[in-house]
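J.: Listed here are the chains, written in short residue letters.
Number of protein chains: 2
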Amino acid sequence: MERHTIVQSTQGDNSHQCTTHVTIVGAGAVGLSWTGLFLANGLRVTVHDPRPDIQLAVLSGLERIKWSLESLGYRIEKFTQRLCFEDKLHKAVADADIIQESIPEDAETKQSLYEKLGRFARPSTLILSSSASLSASVITQRMKDADRVLIGHCFDAPHLMPLVEVVPGNKTSKDCINRAMTFYRSIGKWPVLIGKEVSGFVVNRLHFALLRESIHLVNSGVISIEGLDQLVKASLGPRWTAAGPFKTLALGGDGEGIARFLERSGPMMTDVWRGLGQVDLDEKTRATLHKQSDDCYARVPVEDLIKERDEQQIAILKVLRNKK
Amino acid sequence: MERHTIVQSTQGDNSHQCTTHVTIVGAGAVGLSWTGLFLANGLRVTVHDPRPDIQLAVLSGLERIKWSLESLGYRIEKFTQRLCFEDKLHKAVADADIIQESIPEDAETKQSLYEKLGRFARPSTLILSSSASLSASVITQRMKDADRVLIGHCFDAPHLMPLVEVVPGNKTSKDCINRAMTFYRSIGKWPVLIGKEVSGFVVNRLHFALLRESIHLVNSGVISIEGLDQLVKASLGPRWTAAGPFKTLALGGDGEGIARFLERSGPMMTDVWRGLGQVDLDEKTRATLHKQSDDCYARVPVEDLIKERDEQQIAILKVLRNKK
Numbered sequence: 036m037e038r039h040t041i042v043q044s045t046q047g048d049n050s051h052q053c054t055t056h057v058t059i060v061g062a063g064a065v066g067l068s069w070t071g072l073f074l075a076n077g078l079r080v081t082v083h084d085p086r087p088d089i090q091l092a093v094l095s096g097l098e099r100i101k102w103s104l105e106s107l108g109y110r111i112e113k114f115t116q117r118l119c120f121e122d123k124l125h126k127a128v129a130d131a132d133i134i135q136e137s138i139p140e141d142a143e144t145k146q147s148l149y150e151k152l153g154r155f156a157r158p159s160t161l162i163l164s165s166s167a168s169l170s171a172s173v174i175t176q177r178m179k180d181a182d183r184v185l186i187g188h189c190f191d192a193p194h195l196m197p198l199v200e201v202v203p204g205n206k207t208s209k210d211c212i213n214r215a216m217t218f219y220r221s222i223g224k225w226p227v228l229i230g231k232e233v234s235g236f237v238v239n240r241l242h243f244a245l246l247r248e249s250i251h252l253v254n255s256g257v258i259s260i261e262g263l264d265q266l267v268k269a270s271l272g273p274r275w276t277a278a279g280p281f282k283t284l285a286l287g288g289d290g291e292g293i294a295r296f297l298e299r300s301g302p303m304m305t306d307v308w309r310g311l312g313q314v315d316l317d318e319k320t321r322a323t324l325h326k327q328s329d330d331c332y333a334r335v336p337v338e339d340l341i342k343e344r345d346e347q348q349i350a351i352l353k354v355l356r357n358k359k
Numbered sequence: 036m037e038r039h040t041i042v043q044s045t046q047g048d049n050s051h052q053c054t055t056h057v058t059i060v061g062a063g064a065v066g067l068s069w070t071g072l073f074l075a076n077g078l079r080v081t082v083h084d085p086r087p088d089i090q091l092a093v094l095s096g097l098e099r100i101k102w103s104l105e106s107l108g109y110r111i112e113k114f115t116q117r118l119c120f121e122d123k124l125h126k127a128v129a130d131a132d133i134i135q136e137s138i139p140e141d142a143e144t145k146q147s148l149y150e151k152l153g154r155f156a157r158p159s160t161l162i163l164s165s166s167a168s169l170s171a172s173v174i175t176q177r178m179k180d181a182d183r184v185l186i187g188h189c190f191d192a193p194h195l196m197p198l199v200e201v202v203p204g205n206k207t208s209k210d211c212i213n214r215a216m217t218f219y220r221s222i223g224k225w226p227v228l229i230g231k232e233v234s235g236f237v238v239n240r241l242h243f244a245l246l247r248e249s250i251h252l253v254n255s256g257v258i259s260i261e262g263l264d265q266l267v268k269a270s271l272g273p274r275w276t277a278a279g280p281f282k283t284l285a286l287g288g289d290g291e292g293i294a295r296f297l298e299r300s301g302p303m304m305t306d307v308w309r310g311l312g313q314v315d316l317d318e319k320t321r322a323t324l325h326k327q328s329d330d331c332y333a334r335v336p337v338e339d340l341i342k343e344r345d346e347q348q349i350a351i352l353k354v355l356r357n358k359k
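Residue numbers (this note's numbering), protein chains in the order written: chain A, 36 to 359; chain P, 36 to 359.
Don't read these hints as lab results, they were simulated from the structure.
Please note that a few of the clues may not be correct.
Each pair may be met inside one copy or between any two copies, as identical chains are not told apart.
To be verified - Straight line, CA to CA, 30 Å or less: simulated DSSO-like cross-link-like pairs of lysine-lysine: (1) K353 x K101; (2) K319 x K231; (3) K123 x K179; (4) K326 x K231; (5) K342 x K353; (6) K326 x K209; (7) K151 x K123; (8) K151 x K206; (9) K126 x K326; (10) K206 x K126; (11) K101 x K209.
For reference, chain A alone in the conformation it holds in the complex (with noise of 0.2 Å):
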């Protein structure tokens, strides 16, 4: 395959030649949810994946997800002038100004491509990995310039949904990360700076925490995970999109703040914790979620289901696009 083999003609339209080039390294759901988001930024974008089918995998993967990045606003008419096939790493990231790295989550197989992809990307290139649980310090340890990787861990999809993840490396610089966080930004992403390398980021520990109690809840036959999906649309999910969860605090109460609630709520939130369940994912956990999940999710063809759910994502997230 020739190195960047432009899809369709680029008659008339050079833009590319000026415009900043990322390398997607692996293009499953997550690295093709990229592509479609960088090309309709209007980057230019090349893919490596080893996949034999990858061509055709990802331009019928961009033409399932048109739809809703034209319905985010963006124009994206032949978007793909600017996208590019290379099945050589070497030449993929060679002139790359941002490499995203979206392979599957293995410490051996990321370790082994960043000791590559240190030795074939430009010392300028900054790396970004999709990881959604090994650290950088953990996939540059095989690796000599360490300081121009860190995380950047989107919250499925990455076309849809404005979060990513920005989680810095031992070794990664602070010119990095603010070159991540403004690159970020220039997509209309909303990069949040994590602190810590800690398991599973901020997002996951949220999301697992949530969801422990309810499965313990529907474990233990106190509510259906039909009811539970209910309340949390009916309640937190709106109030958390609004507000976020402290925010849900300083503002509760008619705006006494957090202390008041703390005062006020402190003894009974100390009370629940006490009693929050404890999960093991055996047997017949599995089975109680598998066969509720199943009668209430399994009646319609799942894509529509996916396609009603991002529709009403996207109308969502056009509310907060004015104001976050």
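Given the coordinates of chain A, work out where chain P should sit on it, guided by the hints.
T.: Chain P alone, transformed into the frame defined by chain A:
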């Protein structure tokens, strides 16, 4: 004060004579919000509250929340025509179809009140408590006909947020559970039936589970209050609003379902669970939270922040309204 004083002239409006009559017992912030919602839905409302300035407090409070009821689509001209005040409890509840009790959370005071309600209210009157922590089984301990009492716990504020947790006590009749669910649905709420009287019911258990980890992460310097609020607004908030926690898993990974999620992310989730923080709300923790919260949210007048949040909240709820 005369019983059922009509605050404004009823000339030309006798609709209240055949509508449901709800008595609010306790009209603090929650009772006031219920009052506005019930009136906006065309119900007749009697307010009972021992505060000497209760009429003024409720009327000015209604004036303050009117704009949000209007934004939600309610026509509320002259809606206080169906509002009256009664400072004798036995008179206030004598011909109520439904009582929504919203007095402070104190077991002794509630038990004493429910003993009286059992004697003063007609046997057919449905009695709903806004209690956030005390269960129906506890508050009815000195009452004879506890079969008609259950918790109808809103998510503040009930005139805005759709959730009502319907939590029966150990003596509540099925008929009364059905009546409560039907009543709340009839006024546009999304009642969710809770199967067991657990501490914090469901919404506060989920709320506090996420808050515990949030406080832990801020306390450990992993993220700031401002960063965490931004992170949730950009990810979990909108996602849980569009899909709820379990539907999120069912549709995750291109719709592979919860079984695949547990298979792929179960080990990581279990690992994160093991490391979730324990929090002590000691002086140092409180001081950190107060300082960061004030730095973020005390620079703008709190009424402005509340207005801004509520406007965004209403816009989000309108997105949900057509498709739950």
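J.: Run every hint past the structure and note whether it holds.
T.: Going through the hints against the structure:
no. : hint        : result
1   : K353 x K101 : both (17 Å within a copy, 25 Å between copies)
2   : K319 x K231 : between (36 Å within a copy, 20 Å between copies)
3   : K123 x K179 : within (21 Å within a copy, 80 Å between copies)
4   : K326 x K231 : between (38 Å within a copy, 21 Å between copies)
5   : K342 x K353 : both (16 Å within a copy, 19 Å between copies)
6   : K326 x K209 : between (49 Å within a copy, 26 Å between copies)
7   : K151 x K123 : within (12 Å within a copy, 81 Å between copies)
8   : K151 x K206 : within (18 Å within a copy, 69 Å between copies)
9   : K126 x K326 : neither (48 Å within a copy, 51 Å between copies)
10  : K206 x K126 : within (26 Å within a copy, 73 Å between copies)
11  : K101 x K209 : neither (35 Å within a copy, 50 Å between copies)
In terms of the numbered hints stated before, the structure departs from hints 9 and 11, listed from lowest to highest.
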